[in-house]
Amino acid sequence: MKLSRRTLIKGIAGAGLTAVAAPTLLAQTSEAVRVGLLTVKTGPLASGGIDMERALQMYLKEKGSTLAGRKVELIVADTAGVPATARTKTQELVEKNNVHCLIGPLAAFEALAIDDYIRQAQIPTLSVAAAEDMTQRKANPWFVRATSTSSQCAHPLGEYCAKELGYKRMITIADDIAYGHEMCAGFLRTFEENGGKIVQKLFPPLTAPDYGTYIAQLKNADAIFLGFAGSNGFRFVRQLVEYGLKDKLAVIGGMTALDEAVLRNMGDEALGIVTTCWYSADYDEPINRVFAPAFRKEFGYDPGFYAAATYTEAAVLEAALQETGGKVDDKAAFMAALKATEVETARGPVKFDKYGNVVGNVYIRKVVRKDGRLVNQVIKTYPNVSQFWTYDPDAFLKAPVYSRDYPPAANLEN
Amino acid sequence: MQFWIIQTLNSLAFGGLLFLLASGFSLIFGLMRLANLAHGAFFMLGAYLGAAAIRSIPGLDLWSAALLAGFSVAAAGGLLERLVLRRLGSNPLGQVLVTLGISFIIADACLMLWGGDPIPMPAPDYLRRPILFAGIAFPAYRFAVVACAIVAALGLYLLLERTRIGAMIRAGVDDMDMARAIGIPVSKLFTAVFCLGAGIAGAGGVLGGPILSAYPGLDADMLPLALIVVILGGVGSLLGAFVGSFIIGFIYTFGTALLPDLAYVILFLPMIVVIAFRPQGLFGRLRA
Amino acid sequence: MRTVLLLLTAVVLASLPLFAGTFYINLASQILIAAIFALSLNLLVGYAGLTSLGHASFLGFAAYASAWASTNLGLGFAPAALLSITTTTLMAACFGLIALRATGLGFLMITLALSQVLWGLAYRWASLTNGDNGLTLAGRPAPFGIALDGAGAYYWFTLAVFAAAFTLMAVFVSSAFGSALKGTRDQPRRMAALGYNVWLIRWITFVYAGFWGGVAGLLYVYYHRYIHPTSLSITTSAEGLLGVIAGGSGTLGGPVIGAGLLVLLKNYASAYIERWNMLLGFVFLFIVLVIPEGIVPGVRRLLSRKGSGKP
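Residue numbers (the numbering used here), protein chains in the order written: chain A, 1 to 414; chain B, 1 to 288; chain C, 1 to 311.
Chain A with its partners taken away, still in its complex shape (with noise of 0.2 angstroms):
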């Protein structure tokens, strides 16, 4: 009876209504658009994952959970940071909650470990992963990120350390895995195109106890850049100064090295360290003047890259959800409608290019103390920064991914 009282409708609606209408009804009587997020909420990383649930719920509750007149279920699953497992939770919330896309995952190897599955499932993935290559080499049709590549906002950054700061020589220094090694290539890249070098590149394992052993080490410079991740750029930090060092060398600082997440603990010794990053709580533009009090009221302290990773990414899917008229069901138009979207964020203005990567501000930021808490204050904007940067998209893909030894150093001393 039911069944067939639905059909009814849908006949009607098909014939007798006017396009307009036809959405808004099926709107009504369709289930809700399931949203999976892919997030850590233990071990090491957990600081992240759990910034990038609350933001994203707080998006949510602000839309009353409809996004484009449609109601939005949210389903959040732990991977823990470890690839085998994020590749289980993205299957459980594929498989058993029938979720239509997915935000996240938080970490590189995470995408990594299930990009192969994202494009069997096709499901529409906005990821906060910043690795490189799901959207060059091997560009991932299913992916869109809103955040950045690892060296989206490295490459700014080391123009900027040459011809602003008027740096010459410089040391590198960063966590031993992809995102550290591809951040400190695409810096090294634009600082020595500048004309600066970098005399030395130092990789700690990502799991060192004590940098002391590091610090030790640095050569004279005249400033360092930090690729850190997590807590190890904030441990760092502190034991620069412990060593005295942070008079004598300026500090640097890649777009997690000094988050806001960090710096909520971090005292004077973080005064005056630039960064760069595509977000900073202190930018200071419509929508952001609203989330960053909003959410710093909500959880007592700033919003920072994580937060603001899924935050946008839910403007994106929104803005997507509205082109489409709010139908996911055809997963290669919404998809299409994802990378086509513009829309203006907490993070400014974002739009993707045809591999599926944002074209958005880039900010140089200084830490301030500000109405008494420690700042990332925007101190000059790069805008509509691509991926490639400057450089033609197809010669920069032709050569080899950003890694440990490409591009190849030429001015290091040992």
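Since the hints were derived computationally from the structure, they do not count as laboratory data.
Keep in mind that the hints are not guaranteed to be accurate.
[As the list claims (entries may be wrong)] Going by beta-carbon spacing under 7 angstroms, a handful of chain C positions derived as facing chain B:
1) 109
2) 189
3) 271
4) 273
5) 285
6) 292
[Unchecked claim] Take a look, some chain A residues computed to stay more than 12 angstroms from chain B by CB distance:
7) 43
8) 247
9) 349
[Claimed, not checked] Cβ pair distances, simulated, as ranges:
10) C:265 with A:163: 47 to 57 angstroms
11) C:5 with A:98: 30 to 40 angstroms
12) B:187 with C:9: 41 to 51 angstroms
13) A:342 with B:58: 49 to 59 angstroms
14) B:90 with A:331: 58 to 68 angstroms
15) B:112 with A:64: 42 to 52 angstroms
16) C:73 with A:272: 49 to 59 angstroms
17) A:272 with B:58: 21 to 31 angstroms
18) B:83 with A:31: 30 to 40 angstroms
19) A:264 with C:21: 26 to 36 angstroms
20) C:282 with A:163: 53 to 63 angstroms
Just so it is clear, CB atoms sit at the ideal spot from N, CA and C, and this is done for glycine as well.
Since chain A is already given, all that's left is putting chains B and C on it; use the hints.
Same frame as chain A, but now just chains B and C:
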């Protein structure tokens, strides 16, 4: 030259830190034949408790925080020994299951209580500036860590060699059945030693705090280090733990600096060699 | 009664893909892979009395070797699998020579150290392992032309391997050699006095365990189509060990049940319980306090006590 001096000091400081971490593990294993795989978690719990105490009690200095955390972790360890470990008897597989289970619980509880962000621990004001000499700057606090390790080692030495309890512990380490037979209250001794070992780890977490901070994953980073030191020096030997700590400090510091490509394996290769040729460790009397 | 139960289990296991959803079939495949891994570790822990905290070496090495051989040497799945299993077994033979110089905590540490060395190599030797980016496998093998891409097909494949592994390991421990092995666990001195070569018995067991660990690794990499250094980490080894102990070491059913419990808690319960790590810890505590010998022997004891209480 400067490089060698600083790295030597680094080695000593790291060695001192390792001794604060590993001596408790060695003590517990020596007497109780219990490989306490929750030892890294005790160290982390101490670090978090110390950081929380410094944040919430104004005017509390690092040393008092270390004592506070040490006693709290010792108490928790005592409860664990009385309520759980005691019932296992000599069931080494049960010990593995329980101590790893405890470390899961502690790690998750820390995450729940203190969140995922790293929490810094400030060194005392007078130790925050680096000490300058002969054109070299070296953190004052790291000298203090070496001093703490030496004080702890001396304290433990006096306790073991010069007191009645120490004599009982030594008797128990040498021959448990004999100790029991001559009327040593082995049960109470076990609890006392477990408290002591856990307490040193807890206090060590706070003393290591200004260098390491408290962060999720600290437990997993520290446990292998404790095991390495103890195996290298010889389980149950205080001298072994002391010397082993500094040897590892030197190998780690110079190894990662001079052979960066071996940074991941630098601590494990020497251990393989030692166990393969001297399974009882450098100073151990017992076979592990 | 026992045979009926076994048959029933076999029927349920074999027909699972016919009624279960994709997610549950995949979960079952993962349980079977973890079970083979735990069974192989149990040969050392339960039957030889040697507690290893480095068994992930064999799983990880076999997975890396086959992924590397398929992508870099362009080998087909069968030759790559053969190469991977052979090298893994050879590695186990070498590791055995080193590790068996110690017993007890020393053995635990040396296996841990050896696996940490492999873990470090996987991270650092990026030209071979692709470092932190891991190696991706192009697809799953198709033995005899049967594609294993679907969840059901792969489950049946894993189930067949599991059945073979279980049987061969059961034969191993119940043979005369297995009895000698148990002898070396309980009375090593007496066995030596009786003229057994204790060291050789342990070494053969170590190599055999390494071989099956490698088989689990192959299934693991085919299942995930991806291998990352974390698969060589202490956590992976510890999970295997915890499964063996929780289920009941020295039994055949124990490691299977224990590994299943771990996979379910980690991959299923974690969707409903935020503090699943804590739950895992409490489950271990509960097991040790209530059934210290592990789930399978413990439940058997409780049942038989109940049974004998009846008139």
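Checked hints:
A distance limit of 7 angstroms between C-beta atoms decides the matter here; for residue 109 of chain C the minimum to chain B is near 5 angstroms, and the interface restraint holds. About 13 angstroms separates the beta-carbon of residue 189 of chain C from the nearest beta-carbon of chain B, more than 7 angstroms, and the hint is not met. A distance limit of 7 angstroms between C-beta atoms decides the matter here; for residue 271 of chain C the minimum to chain B is near 16 angstroms, and the interface restraint is violated. Annotation: residue 273 of chain C was flagged as interfacial toward chain B, and the flag is violated, the nearest CB pair being 11 angstroms apart, outside 7 angstroms.
Interface restraint check: residue 285 of chain C against chain B, minimum CB-CB distance 5 angstroms, threshold 7 angstroms, status holds. With its C-beta approaching chain B no nearer than about 5 angstroms, residue 292 of chain C sits inside the 7 angstroms limit, and its interface hint holds. Residue-level check failed: residue 43 of chain A sits 7 angstroms from the nearest beta carbon of chain B, not beyond 12 angstroms. Residue-level check failed: residue 247 of chain A sits 10 angstroms from the nearest beta carbon of chain B, not beyond 12 angstroms.
The non-interface label for residue 349 of chain A is consistent with chain B: the shortest C-beta to C-beta separation is roughly 30 angstroms, beyond 12 angstroms. Between residue 265 of chain C and residue 163 of chain A the CB atoms are about 54 angstroms apart, so this pair conforms to the stated range of 47 to 57 angstroms. For residue 5 of chain C and residue 98 of chain A, the Cβ-Cβ distance of about 35 angstroms falls inside the hinted range of 30 to 40 angstroms, so the restraint holds. In this structure, residue 187 of chain B and residue 9 of chain C meet the distance hint of 41 to 51 angstroms, their C-beta atoms being roughly 45 angstroms apart.
Range check, residue 342 of chain A to residue 58 of chain B: about 52 angstroms between beta-carbon atoms, so the 49 to 59 angstroms window is met. For the hinted restraint 58 to 68 angstroms between residue 90 of chain B and residue 331 of chain A, the CB-CB distance of approximately 60 angstroms keeps it satisfied. In this structure the supplied range 42 to 52 angstroms is violated for residue 112 of chain B paired with residue 64 of chain A, their Cβ-Cβ distance being about 30 angstroms. For the pair residue 73 of chain C and residue 272 of chain A, the beta carbons lie near 52 angstroms from each other, so the given range of 49 to 59 angstroms is met.
The hint said 21 to 31 angstroms for the Cβ distance between residue 272 of chain A and residue 58 of chain B, and at roughly 28 angstroms that hint holds. Judged by the Cβ atoms, the range 30 to 40 angstroms given for residue 83 of chain B and residue 31 of chain A is violated: they are separated by roughly 50 angstroms. In this structure, residue 264 of chain A and residue 21 of chain C break the distance hint of 26 to 36 angstroms, their C-beta atoms being roughly 43 angstroms apart. Here the CB-CB span from residue 282 of chain C to residue 163 of chain A is close to 58 angstroms, well matched to the stated 53 to 63 angstroms.
Hints 2, 3, 4, 7, 8, 15, 18 and 19 from the list above are not met by this structure, while the remaining hints are.
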